[in-house]
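Asker: Sequence:
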Amino acid sequence: MPRKGSNSPVIIWIHGGVWTFGDKTDVDNKPEYFTSRGYVFISINHRLSPDAKFPVHVQDVADAVVWVYNNLVHYSGDPSKIFLMGYASGAHLAALVSLNEHLLKEAGGSLNFIKGVVLLDGVGFDMVSTMPDAVSKVREWCIDTFGDSPDNWADASPVSYVKAGGMAPPHLIIYAGTKSPTEKDAVLLAKKLTEAGIKNKVMNYSKKSNLSINKELGKDDDKVAEDILVFLHECLR
Numbered sequence: 002m003p004r005k006g007s008n009s010p011v012i013i014w015i016h017g018g019v020w021t022f023g024d025k026t027d028v029d030n031k032p033e034y035f036t037s038r039g040y041v042f043i044s045i046n047h048r049l050s051p052d053a054k055f056p057v058h059v060q061d062v063a064d065a066v067v068w069v070y071n072n073l074v075h076y077s078g079d080p081s082k083i084f085l086m087g088y089a090s091g092a093h094l095a096a097l098v099s100l101n102e103h104l105l106k107e108a109g110g111s112l113n114f115i116k117g118v119v120l121l122d123g124v125g126f127d128m129v130s131t132m133p134d135a136v137s138k139v140r141e142w143c144i145d146t147f148g149d150s151p152d153n154w155a156d157a158s159p160v161s162y163v164k165a166g167g168m169a170p171p172h173l174i175i176y177a178g179t180k181s182p183t184e185k186d187a188v189l190l191a192k193k194l195t196e197a198g199i200k201n202k203v204m205n206y207s208k209k210s211n212l213s214i215n216k217e218l219g220k221d222d223d224k225v226a227e228d229i230l231v232f233l234h235e236c237l238r
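Numbering (my numbering), first residue to last: 2 to 238.
Hints were generated in silico from the structure; no laboratory data involved.
Watch out, some of these pointers could steer you wrong.
Using 30 Å as the maximum straight-line C-alpha spacing, the simulated BS3-like pairs for lysine-lysine come out as follows [what the hints assert, rightly or not]:
no.: 1; residue 1: 193; residue 2: 54
no.: 2; residue 1: 138; residue 2: 54
no.: 3; residue 1: 25; residue 2: 82
no.: 4; residue 1: 202; residue 2: 216
no.: 5; residue 1: 185; residue 2: 164
no.: 6; residue 1: 202; residue 2: 185
no.: 7; residue 1: 208; residue 2: 193
no.: 8; residue 1: 193; residue 2: 180
no.: 9; residue 1: 185; residue 2: 216
no.: 10; residue 1: 216; residue 2: 106
no.: 11; residue 1: 106; residue 2: 200
no.: 12; residue 1: 25; residue 2: 200
no.: 13; residue 1: 193; residue 2: 224
no.: 14; residue 1: 193; residue 2: 116
no.: 15; residue 1: 180; residue 2: 216
no.: 16; residue 1: 208; residue 2: 224
no.: 17; residue 1: 25; residue 2: 116
no.: 18; residue 1: 138; residue 2: 180
no.: 19; residue 1: 164; residue 2: 208
no.: 20; residue 1: 200; residue 2: 82
With beta-carbon atoms standing in for the labels, derived distance ranges [unchecked claim]:
no.: 21; residue 1: 195; residue 2: 150; range: 26 to 34 Å
no.: 22; residue 1: 109; residue 2: 220; range: 36 to 44 Å
no.: 23; residue 1: 75; residue 2: 51; range: 33 to 41 Å
no.: 24; residue 1: 75; residue 2: 134; range: 41 to 49 Å
Glycine residues also receive a C-beta, built at the ideal position from the N, C-alpha and C atoms.
Please work from the sequences and hints to get the whole structure.
Answerer: This is the structure:
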């Protein structure tokens, strides 16, 4: 919780773990960093594969967003200032919820609930193009989650839901390293969003890795966290 005030902006955090592992407690420095800067920070869980199959994971996230929206009165948060932030597979789920308007509608909400989205080294933005070239272990995780049907892969791809004239919120798309699979996904999603007239920004941190960009987020002098705050502030203007 923020140290001062009420009606604070809210960050809903979605952990990574290739849809098969991870937990809402995997937050490192993030809660202290963002709450000390006036944000409510809420980390959520979703069911995990291989027991859970798509679209259960993203439905859980949509349900959580609606629950947070309806209960922020108890947490000093402003329901008109909710941000989604996800890492790796969590970024994939955040993108799906923010671009496929039917998910929040089916959960009893609306895309209007989301002020902005931060995607941190996300994967799976275009599952159809990712799957043929995926290394064996990644492919195994994806099949455990989405099955082996290209139709399912298309349904699970955030790029499938980018459309002009929609209600999608602004997106900050962050990727680590150089010549990585997440770079390809980030650039493609940004291109689709730009073509549809959806506000977005892509940022690369070439000296970060997929692990360090998450683990170090919110540490002293962390440039990634500072840039995220700039984006959040811009969305709140």
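Asker: What hints, given by number in increasing order, does this structure fail?
Answerer: Hints 10 and 19 contradicted; others consistent.
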